[in-house]
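Peer 1: Sequence:
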Amino acid sequence: MHLFVLFSAAQNPRIIEHPMDMVVPKNDPFTFNCKAEGNPTPSIQWFKDGHELKTDSGSHRILMPSGDLFFLKVIHSRRESDAGTYWCQAKNEFGVARSRNATLQVAFLRDEFRLEPQNTRVAQGEVALMECGAPRGSPEPQILWRKNGQTMSLTGNKRIRIVDGGNLAIQDARPSDDGRYQCVVKNIVGTRESTTAFLKVHMRPFLIRGPQNQTAVVGSSVIFQCRIGGDPLPDVLWRRTASGGNMPLRRVTVLEDRSLKLDDIILDDMGEYTCEADNAVGSIAATGILTVHAPPKFILRPKNQLVEVGDEVLFECQANGYPKPTIYWSLEGNSSLLFPGYKDGRVEVSLTSEGRTVLSLLRFAREDSGKVIVCNALNAVGSVSSRTVVTVDTQFELPPPIIEQGPINQTLPIKSVVVLPCRTVGSPMPQVQWYLNGIPIDVNDHERRNLTETGSLTIVELQKNEDEGLYTCVASNRNGKSSWSGYLRLDTPTNPNIKFFRAPELSTYPGPPGKPQVVEKTEESVSLSWSRSNKVGGSSLIGYVVEMFAKNETDGWIPVATRIQNTTYIQMGLLPGINYFFLIRAENSHGLSLPSPMSEPIAVGTKYFNSGLDLSEARASLLSGDVVELINASVIDSTSMKLSWQIINGKYVEGFYIYARQLLDTGGNGITAHTNPLIAAARSSSSTSVAYSSSAALISALKPNIARRDGTAIVTPTTQPLKPDAMQLSTTATTSYVGSAVYRMLTILNGGGASSCTMTGLLQYTLYEFFIVPFYKSVEGKPSNSRVARTLEDGKRMIKAIELTKSPETEEDGKRVLRLFDFEFSYWKVDFDAKRVQSNERIGKDVGVKKGRHHFRWTTFPCQIIAYLGMQTFGIRMAYPGCLKLLENYMRPILVTGRAKLIAETNAQRFKIRTLDCNEIDTIFVNNRGRSMNGEILIICSEGNASFYEIGIMSTPLSLKYSVLGWNHPGFGCSTGKPFPEQEKHAIDAVVQFAICRLGFLINEIVLYGFGIGGFSSLWAATCYPAVRGVILDAAFDDVLYLAQLRLPQCLSGIVRLAVRSYCNLHNAELVQKYPGPISLIRRTEDQIIANEKKIKTNRVNFLAISILKYRYPNIFQIPQINRCTKQLAKPLLNRILTIAEDNLCMSSLINYVSVHGRKPPFSIGEDYTEEQRDRMADFLLRRHMRDFKSTHCTWLPAELFKLPWNIPAKKALNSTETVDKDAFNDLLP
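If you want this note's numbering, it's the position in the sequence shown, counting the first as 1, plus 167.
A hint or two may mislead.
[To be verified] For lysine-lysine, the following DSSO-like pairs were computed, each having C-alpha atoms within a straight-line distance of at most 30 Å:
hint: 1; residue 1: K491; residue 2: K582
hint: 2; residue 1: K353; residue 2: K314
hint: 3; residue 1: K1079; residue 2: K464
hint: 4; residue 1: K1264; residue 2: K1294
hint: 5; residue 1: K682; residue 2: K718
hint: 6; residue 1: K1145; residue 2: K1068
hint: 7; residue 1: K1052; residue 2: K1079
hint: 8; residue 1: K1079; residue 2: K809
hint: 9; residue 1: K215; residue 2: K258
hint: 10; residue 1: K1068; residue 2: K1294
hint: 11; residue 1: K470; residue 2: K718
hint: 12; residue 1: K1128; residue 2: K1298
hint: 13; residue 1: K1261; residue 2: K1327
hint: 14; residue 1: K944; residue 2: K470
hint: 15; residue 1: K666; residue 2: K648
hint: 16; residue 1: K1262; residue 2: K1298
hint: 17; residue 1: K631; residue 2: K688
hint: 18; residue 1: K666; residue 2: K582
hint: 19; residue 1: K1068; residue 2: K973
hint: 20; residue 1: K1052; residue 2: K682
[What the hints assert, rightly or not] Listed next, with one range per pair, are the computed distances between beta-carbon atoms:
hint: 21; residue 1: G332; residue 2: I390; range: 52 to 62 Å
hint: 22; residue 1: L434; residue 2: K631; range: 24 to 34 Å
hint: 23; residue 1: P1365; residue 2: S674; range: 45 to 55 Å
hint: 24; residue 1: T318; residue 2: V1323; range: 12 to 22 Å
hint: 25; residue 1: M1045; residue 2: K944; range: 18 to 28 Å
hint: 26; residue 1: P399; residue 2: N1056; range: 28 to 38 Å
hint: 27; residue 1: P399; residue 2: G792; range: 26 to 36 Å
hint: 28; residue 1: E970; residue 2: R1059; range: 25 to 35 Å
The set of hints was computed from the structure by calculation and includes no laboratory data.
For every residue, glycine included, the Cβ atom is placed at its ideal position computed from N, Cα and C.
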């Protein structure tokens, strides 16, 4: 019984508490639990990694009575580690029980980071990598990053991630990523923090406004702009290709805004000017090309010649300038032009290989004597003329030789060398004979004496007894003799009482004066004037010597006046019928200069034939300076050009000869990239098929017939033909031309102050050079500058172009040619149909234009009828006079010219857009993408109420190289419809859709630019497309009602209100509250259209500005601030500048606000502001939204005032998620 009880109470061991897997920090105490039951009570044993665990005394592992294994501290080292797999075993005499395995993992975290983050700076848009090599640890530590002390939450952030086990990678780095970064590592052991590293996101240099291509005239100044943004502010360096890259330090200045100013421009300055900007993260360069124009300047002038009957006379003329000048000859009193290649009877004009133009006159006749031959050189900048006279050479009339330089008194030492000059000029060539003390010198008998070909006498080894004396140079030809004497004194070089003196160098003498000209003649006197030489010489000018010769009246050349202080002289006591000749010498303390050119023969007592008039004053007036400037040559059609000019000096201008000379493009074979191959053959054949006829009377001084004297009429044209091979090569700034002698001429009388004319009968698609020559009686003045223009295409080429469009291979070529034509727009195919844009493709709000509902009331029915009829008839035409057909017909030639100019100069493309209400809108697009940074932005231009894109506001953004899309209002130009608000809305919507869907611009790449009434169209589009980059309103108004009531009788104000509100409700002040984006206003301080009597305080832009600011910033613009701004707007804004601190404070407040509350107005900023703070912020915001332009209504906006609208950056300098325009960023720079 007892035995049974004993066996029944016995029990095998059973584990009732198993050890658990544990992670224990190194050196921490730890206990593995293990509990078992059984009868008898089992003993507990522990095993590690399959081996029984010994718990000797002194061990850090202790087996507890309860069976638990206690670690005094967990060890983990290379020699010993407690980490492993453990289990416990319970055992008694009836059996053994084993626990589940338990893993002990020793946790540790080292102190040292393998790699700590370093201070880093990157460029905006790059990847910023903050490295972190975490300390080794177990379990694997978690890595976090802190920015500015705050733990970064990176969940779901695709831009900022932890990569490569711990590095922080920030893609598309932004300025908002600036800050202090710290790598934080943690596990159960603890936390380790790295050192703090700074990340600075810099902005690569970017171009705000770079250098533009410029054309300047020699002597003027240019400024190449280089407005650069970036962080840090980039350094700017200027380079140029001109003059081998060397900058002219004395003429160049770098301005405060780092633009380059170049003064006193010379031709060598022509070339590329590059602005290079760099900072720590990048660089940028922009280049502008400077083209320098120089007016023509003579290198070689034709000289007066005295010739014998039967001789051949050659006149040479050469001029330089840029563009290379056109040179031609003419005869005073004859309007025919003689170009190189001309040959007719005794007259021939040729061009030498050195570039000299030569006029040859064969078999000179006595009746040719006295003819005035003129060489003219002209280019786009100006012109020069040089007159010369050819006279029969008879021994009874011609003067004796002129000794230009003769011997002077000298004192020299013996045994030295002397050179005695005798420089002569005359026709025929003079013979030179030297005399010593009146005795002829025979150089053949004296070895020490030599006579050079120029007449100079050289004596070496001077002897006192033989060589001292008076030396006389005698120059003689069949016309007479001239002499010049000088005394040579010799002495021993050691004589202290003698002061030796040698003739000065020629360079110390003054330069020769200009040719004496006749200012006035009387019966017995002549008044002369001459120009002073720029060369002064080695000493100050003492005066002038006047020499005169008259056959049988003077003994050779005699001085008639000495040391004259002025450049004028009157010679009295002259006899009528005798030819007098004059020349002038300048004198300084070193001696006399070379003589001036000899005057023309002067005879007193003679008048202009049978007129009783003296033409000398008229000749001097017409030739002394610029008389007329050719302003413009604009194309009208394929055979007509309109020329406009300005009279500078019209005192002696009886009329004008207007010349049109054919130019042909040349590029080796005569065809360049600008030459259309469709007409190349035709042009070539036409230029060589001109009939040639001789004109033996060309040398005669005949005046062309003048048909009418009405002051402005175009008179009979004449043409001087050309032989087929008579051509010359001339060059302009960028294009080479073959210039021919084929030209047309018109004569215009100046009785009515003519300033323009139309030249008809020109060849189609032909390049012409135009210039004007003023005349008075038989005297022709200095020609004007020249202008080059090409006539339009003809219909045959258009037909060929249409044929090209039918083939896929040549379709684009044909379209490119067709864009050069101007034909009936109604036959133009539709390029874009707004109806075909699917609803899921439309960007922005649906247009949904609906006509407003007008509540019918019997009491107002008559007024409604009157309002409707008034608006449908004259009302809409008063608001939009550009839709008047009368105005359109008047403007048509101007519009055609403007359109042709846009296409030719900017490669513009014309399109027809069909709107949702089936109107057809005439648009034109200039694509500058890829050509400049501004070209990536599209400016959509909405014109004023009487303007067209052909002559409107497009020119301003085009000058800044933006891409531009212009359009005409419904009913304007070739656009169909009428400019009622509903049709305006459909039109601008179709234009925006065309820009997005067809041209490929994003919404945030579009800026809406409206002028005057076009501001309504721009604002309405902005409300439908609120993501546009901005809106610019120039001379806009708040509500058209106030303008209408101002210009109509007060008694009609009720009907006017009803008509405007019902049918033409252009209420911009309401629209601006529906558009949340950037907006900029331009106020014209002398506007006479949207202001009452030009009073600036009545300018409607003021009211629009107040509406915008009051809506957007209601807590800033309270009644005191509105009154304050109203007072400021009552006079021109003086651009009152706040201090930098105040500006920064306002900007910082706005930045902080939008970073928290976003950009959707109205903004609640300013609730807790003081009055002073509101005033400061109101001033700041007013200046940011408006700028003044001192101008009337109808003038083009200067490029410097066209700036993209300002916007509040979301973070300092630049928001991390938006693109801020460069002008706004520049505003943030101190």
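Peer 1: Quickly compare the C-alpha distance for K944 and K470 to 30 Å and report which way the hint goes.
Peer 2: holds, 25 Å
Peer 1: I want to verify a distance hint. Is the separation of the beta carbons of E970 and R1059 within 25 to 35 Å?
Peer 2: About 28 Å separates the Cβ atoms of E970 and R1059, which means 25 to 35 Å holds.
Peer 1: Given the hint that K1052 pairs with K1079, does the C-alpha gap stay at or below 30 Å?
Peer 2: Measuring from Cα to Cα gives roughly 20 Å; hence the hint holds.
Peer 1: Starting from the hint 12 to 22 Å, judge whether the C-beta atoms of T318 and V1323 obey it.
Peer 2: The hint (12 to 22 Å, Cβ to Cβ) holds, given that T318 and V1323 are roughly 21 Å apart.
Peer 1: Hint check: K682 vs K718, CA-CA at most 30 Å. Holds or violated?
Peer 2: Satisfied, since the Cα-Cα distance of roughly 21 Å is no more than 30 Å.
Peer 1: Need the status of pair K1052, K682: alpha-carbon distance at most 30 Å?
Peer 2: violated, 61 Å
Peer 1: Do the beta carbons of P399 and G792 sit within 26 to 36 Å of each other?
Peer 2: Check failed, 54 Å falls outside 26 to 36 Å.
Peer 1: Does the Cβ pair G332, I390 satisfy 52 to 62 Å?
Peer 2: About 56 Å separates the Cβ atoms of G332 and I390, which means 52 to 62 Å holds.
Peer 1: Decide if the proposed pair is consistent with the structure: K666 and K648, CA atoms, cutoff 30 Å inclusive.
Peer 2: violated, 34 Å
Peer 1: Under the criterion that the straight-line Cα-Cα distance not exceed 30 Å, is the pair K353, K314 satisfied?
Peer 2: holds, 17 Å
Peer 1: Is the Cα-Cα distance between K1079 and K464 30 Å or less?
Peer 2: violated, 50 Å
Peer 1: Does the structure keep K491 and K582 at a Cα separation of 30 Å or less?
Peer 2: violated, 55 Å
Going through the hint list in order, the structure does not satisfy hints 1, 3, 10, 12, 13, 15, 17, 20, 22, 25, 26 and 27.
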